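Work out the full structure: start from the sequences and follow the hints.
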Amino acid sequence: NAGVMQNPRHLVRRRGQEARLRCSPMKGHSHVYWYRQLPEEGLKFMVYLQKENIIDESGMPKERFSAEFPKEGPSILRIQQVVRGDSAAYFCASSRNSGATYEQYFGPGTRLTVT
Amino acid sequence: QQQVKQSPQSLIVQKGGISIINCAYENTAFDYFPWYQQFPGKGPALLIAIRPDVSEKKEGRFTISFNKSAKQFSLHIMDSQPGDSATYFCAAEGYSTLTFGKGTMLLVSP
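The listed protein sequences correspond, in order, to chains A and B.
Count along the first sequence starting at 1, add 33, and that's the number in the numbering used here.
Count along the second sequence starting at 1, add 25, and that's the number in the numbering used here.
Calculated directly from the structure, the hints in this document are not laboratory data.
Each statement offered as a hint is correct.
Rough simulated footprint, nothing fancy, chain A against chain B, three-plus residues with beta-carbon under 8 Å:
hint, stretch
1, 70 to 81
2, 121 to 133
Distance condition first, Cα-Cα at most 25 Å in a straight line; then the derived PhoX-like pairs of lysine-lysine:
hint, chain 1, residue 1, chain 2, residue 2
3, B, Lys30, B, Lys93
4, A, Lys60, B, Lys67
5, B, Lys67, A, Lys77
6, B, Lys82, B, Lys30
7, B, Lys93, A, Lys77
8, B, Lys127, A, Lys77
9, B, Lys30, B, Lys67
10, A, Lys77, B, Lys96
11, B, Lys30, A, Lys77
12, A, Lys95, B, Lys127
13, A, Lys95, A, Lys77
Pairwise CB distance ranges (calculated):
hint, chain 1, residue 1, chain 2, residue 2, range
14, A, Glu74, B, Ile45, 19 to 25 Å
15, A, Gln113, B, Asn92, 40 to 46 Å
16, B, Ser90, A, Gln113, 41 to 47 Å
17, B, Gln106, A, Glu73, 20 to 26 Å
18, A, Ser91, B, Asn92, 24 to 30 Å
19, A, Glu105, B, Gly85, 35 to 41 Å
20, A, Asn130, B, Asp78, 18 to 24 Å
Just so it is clear, the structure is predicted and the values come from calculations on it, not from any experiment.
Idealized CB from N, CA, C, for every residue including glycine.
The structure is reproduced here in structure tokens:
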């Protein structure tokens, strides 16, 4: 059973460009979460999605950031007009269902560098 | 406002010793407390987790102790090994999202 897959693993963008990060959840998992990790910091929650629905986006900046989890295909985290402060590791996690009964399993992350 | 406080920031333990990492939380709505282990360049891997209705959970060399009244929980790694050297994050779940501590960098010396 394949784990959570993320691509690309490394992404370099110039300031002002767009970054698209992809996440394929574990088989049988329909809940996806995105977290951001800055150097020397813990992970910070960004957004929680189910298929075709955003459930909680309270941790996501209001501007330039968006996320989707379409009926078919991976979840996408999109960052428009990237700035140097967006440089971080972005992790996706998935769970079979929501709530404390279901563990979240993390992917290997996408390391975004903005030059 | 940091809702999960983790200490120490870094820890050096000799091989065979006990590693202890502590966390404290504020929000009483949290109802699930996992620990994650992260190696450099990798994603966090779920290590062990506890729910607030029990005070201790043990899995192999890893034990979580949970004090609901004090809103504190800790990870104990018995017989620590060099392969345990990693960064450890405590977390607390509420409303389906995880709030993480800032992490503890553990180094187990041979």
